[in-house]
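Here's the letter readout for the chains.
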Amino acid sequence: MGYFLIRRIFWAIFLFFVATIVTYLIFFVIPSDPAKLIAGRNANAQDVARVARFYHLNIPVWQQYWIFLWNLIHKGSLGTSYITRQSVRWMIGQDAPVTASLVFGGAVFWLSLSIPIGILSALRPRSLMDRASMTFVLIGISAHPVWIGLILSFAIGYKLHLTPIAGYCNFFTGNAGASCSGPIQWAYHMILPWIVFMILFAALYVRLIRANVMETMSEDYVRTARAKGASERRVMIQHVLRNSMLPIVTILGMDIGLALGGAIFTEQIFNLPGLGRQIIQSYSVFDLPVIAGVICFATMAVIVFNFIVDVAYAFLDPRIRLT
Amino acid sequence: MRKKHVLSLLLLTTGVALLVAATTVAAAGSATSRPGTVASTKAHKGGVLRIDQSSTDFDTVDPGLAYVTNDWAMLYTTQMLLVNFPEKNGQAGSELYPEAATSFPTVSNSGLTYTFHIRPGLKFSDGSPVTAAAYQRAWERNLSPKMGSPYGVNDQFQKVIAGGEAFLAGKTQHISGITAKGLTLTFHLTHPNPTFVSYLSMQWFGAVKPNMPYTTTGENVYPSAGPYYIASRDPGKTLVLKRNPYYKGNRPANPDEIVFTSNTNQDQSLLETKAGQTDMDMSQVPPTAAATLGTPNAPGGQFHVGPTACVIYALLNTARAPTNSLAVRKALNWGIDRPALLRLLGKYAGQRTDQILVPGIPGYKPYKIYAWNGANATKAKQIGGSALTNAPALNVIHSTSPAGVSGAQQMEFNLKQMGLKYNDVPTPGTVYYNTIETKGTSYNIARAGWCADYFDPFDYINVLLDGRSIQANNNTDMSYLNAPALNKQMDAAAALSGKARAEAYASLDLTVMKDYAPWVPYEIESARFYTSKRVGNWIYSTYFGEPDFNALTVG
Amino acid sequence: MALLEVKDLQTSFRTDDGVVKAVSGVSFELDRGRTLGVVGESGSGKSVTFLSVMGLVEKRNSIVSGSVMFDGRELLGASTSELRKIRGSRIGMIFQDPMTSLNPVKRIGWQLEETVLLHNDVTRKEARKRAIDLLKEVEIPRADQRVDDYPHQFSGGMRQRVMIAMALINNPEVVIADEPTTALDVTTQAQILKLMQRLQEEHEMAIVMITHDLGVVAELADDVLVMYGGRVVEQAKVDDLFVKPEMPYTWGLLGSLPRPNVITTRLEQIPGQPPSLLHPPSGCAFHPRCEFVMNECRVELPELRPSTVGENHEFRCHLDEEARARIWARKRAAMMAEDAA
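Protein chains in written order, with our numbering: chain A, 1157 to 1479; chain B, 8 to 562; chain C, 22 to 362.
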């Protein structure tokens, strides 16, 4: 376990460097001049130079990167936004819970739909249900989250008035200026975004679970369990499910990174003030500190989550030893 | 097109001209004691006005740092300026009146000293009085090195006001050129500047508490003296304005509260407006939806279309063959299909035009000298003659955005009709302007737009067409036109004021298009808003390109 | 009456390519305490026969017909709950690959206890005690500790012992062992077989030993069933079979037996491939590989007919008595000559 941890931590540090360096490089490979963007279109050369000085944009890339690292390690600071001049750490602190609500809530939604459907269609391959779920899969895989989101909010929010069209409410009450807050309003506003995630991912997971369950059902130890006289129900619950869920855990761990990407679209459509929307906004104005900060945070989040998944996997599968 | 644009100080200070010149000066004479009048005295008061701001947020709400129009449109409701624009539709909305000042200032004979008297009894939203020191502080926050305002603010104003440069350099505690004694505020300028009063209508120079701190991150919540104050601010997400209980002026303050929700999705915001879940999107409606929203500006209607000071045009590079030929440029003005280009932008996107200036600008005199109802390839070939038939291929540069691509395709189709060859040069949006703003660029045709930073023809003609401004990069004269005769005429026009100025620019507008044709202008952009059923008293400011939020009513 | 009596068992599977007839009319009897060896190549239908007996073939895409009488009760068509009462309790099963036949995520003890708890009204504690006893019985050292290990912590031979313990834990009357030693090395094979023999004596159970190895049959079995292409091609008491095997396939099996005195670089194999069950050969299924094939063999399936040697010794072959006697005598002489050399 100790060795595993150390290896993981080194790997995390390595990934962190790669992600942030790539972020910095991309910014300087793309031909753009942040100072000029900040200074505005009519700025003259002196204005641009002054802006560059103010934001340390006049020094070489590697020095800028060094300042970024130094501030991060020394002060735990991710810098301040070029545009809003707010602390990036504070901005991420504001945005991360929104994205977390979306991704984890979405995961709960898609798993709670896909596990039962996946199992049922594995038990009855080629049944009506199996075919219906296949259609659902095709829609889920082919459709873009923006399209799904717009259709849902038009149909369910605008036409049927069942949910809000868009918007976000804080889970915790007491945020001045927020028009709504509290767990109920929070969940009420998150339903459609969660459903979008459900449609996007449930489809894939239904097939994945179906395939895994079917594969597991043909395992020798399942036949052993039947030969012992165990009921079908018991065979499913005690012998098939846990084994067929093992690969799902790994894939879920990997998909959290993917889901962060999906959050970009979903947050845009539903006006959710999360990290995905933040990074798009920041990208459109080349707000490097915010982009670097969000990427840095997302990298760490994915690494931490993968670590959790690895540990969870070890608990679920005794064959895996964390060495 | 820039959605947000910089209110250019460079131009304010270097432009000999200015501002509202015709109107302000006239107003100064006749309306010294006229307070700002409320547009609709019967306006319904109360309620919460909910405004979405799709795809963007206020960069900052600190008046010392704010510099883009959306910031300013919001600050208009919270700020008390020395001189301000009234909440009125149309031309009346761009005539300054003394707001916090009892009257327009007395100017010393030298033209260097301006003295304002602040109305007694004005209060900030925390109940403290507004004195001359409030305006002194506003200037100092703008120029303080501790604010680090990067926006080209400092480089300009410190030269206008005496002691400004020493203050910016951190050598003095205060700007020596500004004295505040009780309710008397005096500005000492370095040079006579007939446009100084109009500077004071900018949101930078509204009253702030004399102890409002210097900060590089900007203040989010602070007392203000206008009809509203910022009650809470969550950057990137929301801004809540509440009525200033101590405001005793005549400006409307109709909603109890104004809630801005930022960074929304434009399509969703429209849907929410229709469903009554929000009241409007200050980033306008999606272009594709405009056709479905009914008749604009109907009495009591929800769809509002107002003109902006933005002109959209195809730039022609006069420094590169074949667009270096006047015949070719004129031919293009006949051969490019203006209505078709407009149609690409959705309904009510704007009005077609073939001139430089836009309505509302002094000197705007409508004319039609080129193809108005669609492409006229025959006429184009006739005008272009051999220059057209022998022309090498044109480089049509465009950004890779959908609008950039479709606009370029339309123009390329017209080029083909005229028998011209072309190269399609797609360019990422991030470098598009960089490319065409660099001297020696290889484009022939490029789409561009320009919005007025202030209401003066100087901001269009001199800024965009004076060839003496051409530098290595960051050019504003992107057609690289440098005609000495024209430059001379521009100088002459800029030196004038009042009616003569307007006439001089009207004639220049025509001369440029008739004798130089450096652009193919095709659209005067409109701003399109859709409001919920409960919104009333629509007052639109061409200056901000937004309604006056404090004047709107709900319920 | 025999403990297990199978009559005309037929099992077919529906596949995407067509119907596969895996078992065609298999009949046999098994008495208490006896050992039945079932011999055949892969795909001969020997495993499917016993999975059909246990009701363990997938119902959805299979058809099973005939009759399976266990202790006087018909198992074919019996309800699942009735079958479940018999499985693991009165009939135990041991499968071929001990590496994959135990659930990898459950402790050994849990899996043994499950078998006890499924059929007996006892506490988990008692079940655990029974599990440890059985592990001791199958000679697993430190059984009381190893009971809490996971399958991957055991070697292959040890796992097969666990499988055996699991099959025996409820004192079944029949244990069906499906190639229990195939996946093991030779030394371990011998240990496992010895263990099974010992346990059979102690528990007084009948064993069905499914194998492709006649050597195992020779060592353990009382009766032998030789299967080929889903059919029984010869059945006999083990001694009778070795005295007078009656058909070419059995001769081939005997010829491929490794013999201690014969040093050959390769064992005699039966040339050719096992028959396709999807498109079985016409006539006698063995004819494409038979060195004594006659025209008749290609057309007509030989009936099971009694042998002159032994009681209940039956076989399928078109060769006449004289030819079979001559060929077997020659083959046996050749083998003996090799043995002697």
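Accuracy of the hints is not assured; some may be wrong.
Here are a few chain C residues that sit away from chain A, every Cβ distance over 12 Å (derived from the structure) [claimed, not checked]:
{"id": "1", "residue": "V40"}
{"id": "2", "residue": "G76"}
{"id": "3", "residue": "L123"}
{"id": "4", "residue": "Q132"}
{"id": "5", "residue": "T136"}
{"id": "6", "residue": "A188"}
{"id": "7", "residue": "M357"}
DSS-like cross-link-like pairs, simulated, lysine-lysine; straight-line CA separation at most 25 Å [claimed, not checked]:
{"id": "8", "chain 1": "B", "residue 1": "K95", "chain 2": "B", "residue 2": "K255"}
{"id": "9", "chain 1": "B", "residue 1": "K130", "chain 2": "B", "residue 2": "K249"}
{"id": "10", "chain 1": "C", "residue 1": "K150", "chain 2": "C", "residue 2": "K106"}
{"id": "11", "chain 1": "C", "residue 1": "K80", "chain 2": "C", "residue 2": "K106"}
{"id": "12", "chain 1": "A", "residue 1": "K1231", "chain 2": "B", "residue 2": "K153"}
{"id": "13", "chain 1": "B", "residue 1": "K540", "chain 2": "A", "residue 2": "K1315"}
{"id": "14", "chain 1": "C", "residue 1": "K352", "chain 2": "C", "residue 2": "K265"}
{"id": "15", "chain 1": "B", "residue 1": "K216", "chain 2": "B", "residue 2": "K188"}
{"id": "16", "chain 1": "A", "residue 1": "K1315", "chain 2": "B", "residue 2": "K281"}
No wet-lab data here; the hints were simulated from the structure. Glycine included, each C-beta is placed from N, C-alpha and C at the ideal position.
Verification of the supplied hints:
{"no.": "1", "hint": "V40", "result": "holds (17 Å)"}
{"no.": "2", "hint": "G76", "result": "violated (9 Å)"}
{"no.": "3", "hint": "L123", "result": "violated (6 Å)"}
{"no.": "4", "hint": "Q132", "result": "violated (8 Å)"}
{"no.": "5", "hint": "T136", "result": "violated (5 Å)"}
{"no.": "6", "hint": "A188", "result": "violated (8 Å)"}
{"no.": "7", "hint": "M357", "result": "holds (41 Å)"}
{"no.": "8", "hint": "K95(B) - K255(B)", "result": "holds (19 Å)"}
{"no.": "9", "hint": "K130(B) - K249(B)", "result": "holds (15 Å)"}
{"no.": "10", "hint": "K150(C) - K106(C)", "result": "holds (22 Å)"}
{"no.": "11", "hint": "K80(C) - K106(C)", "result": "holds (18 Å)"}
{"no.": "12", "hint": "K1231(A) - K153(B)", "result": "holds (21 Å)"}
{"no.": "13", "hint": "K540(B) - K1315(A)", "result": "holds (17 Å)"}
{"no.": "14", "hint": "K352(C) - K265(C)", "result": "holds (11 Å)"}
{"no.": "15", "hint": "K216(B) - K188(B)", "result": "holds (15 Å)"}
{"no.": "16", "hint": "K1315(A) - K281(B)", "result": "holds (11 Å)"}
Against the hints set out earlier in the document, violations occur for numbers 2, 3, 4, 5 and 6.
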